[in-house]
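Undergrad: Sequence:
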Amino acid sequence: MPATKGAVAVLVLAASVSPQADREATSLLGAPLAPPPIPAERRKALEENLAMARDVYARNPGSADALVWLARRTAYLGRYREAIQILTDGIASHPQDARMYRHRGHRYITVREFDNAAADLSRAVALVAGRPDEVEPDGQPNARNIPTSTLHTNIYYHLGLAHYLRGDLEAALAAYRECHRLSTNPDMLVAAAHWLYMTLRRLDRPGEAHAVLEPVTREMEIIENGSYHRLLLLYKGLEQADGLMASVAEGGLDAVTIGYGVANWHLYNGRPQLALPLFRRIVERHAAEWPAFGYIAAEAELARQRKQEP
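Note that this note's numbering has the sequence shown beginning at 66, numbered continuously upward.
Any given hint could be a false lead.
Derived Cβ-Cβ restraints for the label pairs, each shown as a range [unchecked claim]: (1) 116 to 269: 46 to 54 Å; (2) 203 to 101: 13 to 21 Å; (3) 180 to 337: 22 to 30 Å; (4) 202 to 291: 16 to 24 Å; (5) 87 to 369: 22 to 30 Å; (6) 105 to 374: 26 to 34 Å; (7) 126 to 106: 27 to 35 Å; (8) 276 to 108: 24 to 32 Å; (9) 107 to 180: 49 to 57 Å; (10) 104 to 311: 32 to 40 Å.
Think of the hints as simulated: they come from the structure by calculation, not from any bench. No residue lacks a Cβ here, since even glycine has one placed at the ideal position from N, Cα and C.
Please build the complete structure, drawing on both the sequences and the hints.
TA: Here it is in structure tokens:
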């Protein structure tokens, strides 16, 4: 029997009184992944936002918007499985709403279920086909409070990532090309270009990869994707790897984003002896960032290496 709106309401009520599970996922290397730590002040704000989202949904149980925000606010607290369940119930009520699949696909990536993610995001592509794009509001706004992505670009961006992580580089390439084509501001452009460039290099297509870098300049006005911008400048020869690696030492999200980009740069340039220790460093020293895409990608590289070992 498909889930109902009432089922979501029951889920929300249960979530408000049930203890958080100890494990949200298992890493690609077999390690249990608990909800990431959140500083007390930040957690308080996130919990207040979730309480408001829960209240809005309770007053508007038929609202797809309210349900999407409930799932997003839940995920921001590291409750990824709970968010997936909310969106699963939401799909039963709103099966033609691409946002349900877009956000569930994202969270399937977080919990390392890449096949499920690719299926959801492919469904989202089909649902938005021929429809105008729309700005996607930020749940965690940037410094200027200016959203930089859209529904369509986010769908293709995450679809490309799901394929990239599962090792289907040709499928990833198709998705990232479309994401890049649809990107209309510098932040989304550098995000798409970064993964597109890496995919082309891993496919041994350096000429096409070089063309992706041509529009990238130091002067681009970047609001939130500074790590991707700096990596593209590295690929273009306008930054030095040593300078970028200083950010890795500082920790945080930049450590895994830049760390993976630099490690991958070493790998596709024929320096595995430099790449592999850096992948290991990301996973071993920055475990609190396990939901980050760079961290997941580093895990995937190490898992592939493990399978190749005699």
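Undergrad: Now tell me if each hint is right for this structure.
TA: Status of the hints after comparison with the structure:
no. : hint                   : result
1   : 116 to 269: 46 to 54 Å : 51 Å, holds
2   : 203 to 101: 13 to 21 Å : 19 Å, holds
3   : 180 to 337: 22 to 30 Å : 27 Å, holds
4   : 202 to 291: 16 to 24 Å : 21 Å, holds
5   : 87 to 369: 22 to 30 Å  : 28 Å, holds
6   : 105 to 374: 26 to 34 Å : 42 Å, violated
7   : 126 to 106: 27 to 35 Å : 32 Å, holds
8   : 276 to 108: 24 to 32 Å : 44 Å, violated
9   : 107 to 180: 49 to 57 Å : 32 Å, violated
10  : 104 to 311: 32 to 40 Å : 23 Å, violated
Taken one by one, the earlier hints fail for this structure at numbers 6, 8, 9 and 10, listed in ascending order.
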